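Asks: Take a look at the letters that make up each chain.
Number of protein chains: 2
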Amino acid sequence: MRRLINRILNYSSPDKQLLLQLEHLVGFTPKHIAYYRLALMHRSKPDDVTASNERLEFLGDAILGAIIAEYLFKKYPYQPEGYLTELRSRIVRRETMNNVALRMGLNKLVQYNQNDRGLSRSHIFGNALEALIGAVYLDQGFANTRKFILNQIIRSYIDLDTMESTDTNYKNQLLSWAQRNGKQLSFDLIAEVNEGTRKLFTVGIMLDGTVVADGTGYNKKDAGQVAAKNALEKLGI
Amino acid sequence: MRRLINRILNYSSPDKQLLLQLEHLVGFTPKHIAYYRLALMHRSKPDDVTASNERLEFLGDAILGAIIAEYLFKKYPYQPEGYLTELRSRIVRRETMNNVALRMGLNKLVQYNQNDRGLSRSHIFGNALEALIGAVYLDQGFANTRKFILNQIIRSYIDLDTMESTDTNYKNQLLSWAQRNGKQLSFDLIAEVNEGTRKLFTVGIMLDGTVVADGTGYNKKDAGQVAAKNALEKLGI
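Chain order of the listed sequences is R and W.
For the first sequence, this note's numbering begins at 1 and goes up steadily by one.
For the second sequence, this note's numbering begins at 238 and goes up steadily by one.
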């Protein structure tokens, strides 16, 4: 404890401020602030791109995936593998994580080139959240990272019930739009490729005989969802 | 210790035999043999498909991904994220894991429908290895699973140097075949889709004006490799 206090007292003033903000955000006192500083550094900011959070994002993304997998495996003991895979992909997807990061206020801490207006509309905050998970893992080990993810992310910001039930949302949205507008719509499997230990499916969406979008996923249903989501975006629905 | 010995003494004879085989394979004494029994059960075997190893495979795949990510993150402190992602995908890919499983002798323990001849030529042993990782995690926790993966899998069976250097192998193989046979070959990016927190690229291979194969990956280089590998298979090269 004394060592921890000394360490905090020894921090320079901007470090002290970041430490307080981080404590609030993660729910514990970070030991090595350098990891966190790196996690909050978008590659648009430092002169040297290797001084950005991308490597930590790679690590954090993997740790997050493992902890969510275990959480779902135990929470849904009677659901098949496909169900768990789908639900996990919905939790860790870019939009969800970015949304969580914004609600946590992580956007106020991320360092990025503010002149590039497009950045704040992209998913850099969700990516920084993954990098933060990587930093927590290096700083605190597996058990504390697990607690952080389950308490500060899943239980605080993820509504699993809604996530389970919004299942066929994009596909349904697109189908009902097509029906309302008298368009002919079909979902076609256009590719099936081995990737790593899994099969990757690409589903294309035909609208009145023209391919308007495609989507990829580890099962056909997921791929259809991604394709439908892309079609909705392209068609401005 | 006495409790452990009692537990082993209480096992029925087939359990005792499996326990000895597992000890040899994983390098420690399993506590809960039921997890391991499930990990070794391919879905072609039990009457009830939910009594198969697919859920454990989902869990083990995620744990493996996280531990390999950390291993590479620390082993290659100066390599960018793309390099780590690519190297990891090469380690955890279906073929690599199946090959490791065969060299470990896991094929002798997996329960599957032996009348289905296609199965033994597919990747069911690699999948069982992932399920075994899931079982080890539930039985032994994170730290011991990490040791198991690093010692019994990575350091024993994965030649990282070769894996790093065989980098452009498939693409090179295909290119030199095309040159030898006077064929016109091109690699084209045919799709770019957001999937979860990453971008997924699909690369197609044109041979004398016809698409012969495609491949998907989290960067264009990876996708090109997968596409080239698929083309080599299709063309029987």
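Don't read these hints as lab results, they were simulated from the structure.
You may find that some hints are simply not true.
Unchecked claim - Incomplete in silico selection of chain R near chain W, CB under 10 angstroms:
no. : residue
1   : D47
2   : K75
3   : R88
4   : N99
5   : L150
6   : N151
To be verified - Straight-line C-alpha distance at most 30 angstroms; calculated BS3-like pairs for lysine-lysine:
no. : chain 1 : residue 1 : chain 2 : residue 2
7   : R       : K199      : W       : K268
8   : W       : K471      : R       : K199
9   : R       : K75       : W       : K384
10  : R       : K108      : R       : K199
11  : W       : K436      : R       : K108
12  : R       : K147      : W       : K268
13  : W       : K282      : W       : K268
14  : R       : K220      : W       : K268
In this text the structure is predicted, and so the values were computed from the model without any measurement.
Beta carbons are placed, not taken as given, at the ideal position from N, Cα and C, and that holds for glycine.
Asks: Just to be careful, I want the Cα atoms of K75(R) and K384(W) compared with a cutoff of 30 angstroms; is the pair within it?
Replies: Holds, at about 26 angstroms.
Asks: Holds or violated: the hint that N99(R) contacts chain W, with Cβ atoms closer than 10 angstroms.
Replies: Status violated, d = 12 angstroms.
Asks: Run the distance test for K282(W) versus K268(W): straight-line Cα separation, threshold 30 angstroms.
Replies: Judged against 30 angstroms, a Cα distance of about 24 angstroms means the pair holds.
Asks: Have a go at the L150(R) hint: is there a Cβ in chain W nearer than 10 angstroms to its own Cβ?
Replies: 14 angstroms, violated
Asks: Does D47(R) hold up as a contact with chain W if the rule is Cβ-Cβ below 10 angstroms?
Replies: 16 angstroms, violated
Asks: Against the 30 angstroms threshold, does the CA-CA distance of K108(R) and K199(R) hold or violate the hint?
Replies: Distance of about 39 angstroms is beyond 30 angstroms: violated.
Asks: Below or equal to 30 angstroms on CA atoms is what counts here, so check K199(R) against K268(W).
Replies: Roughly 33 angstroms separates the two Cα atoms, so the pair is violated.
Asks: Quick one, are K471(W) and K199(R) close enough, alpha carbons at most 30 angstroms?
Replies: 17 angstroms, holds
Asks: Is the Cα-Cα distance between K147(R) and K268(W) 30 angstroms or less?
Replies: 25 angstroms, holds
Asks: Does the structure keep K220(R) and K268(W) at a Cα separation of 30 angstroms or less?
Replies: Violated, at about 38 angstroms.
Asks: Compare the distance between the alpha carbons of K436(W) and K108(R) with 30 angstroms, and conclude whether the hinted pair is satisfied.
Replies: 25 angstroms, holds
Asks: With chain W as the partner, please determine if R88(R) meets the hint condition of a C-beta pair closer than 10 angstroms.
Replies: At 8 angstroms from the nearest chain W Cβ, R88(R) passes the 10 angstroms test, so the hint holds.
Checked against the numbered hints listed earlier, the structure breaks hints 1, 2, 4, 5, 6, 7, 10, 14; every other hint is satisfied.
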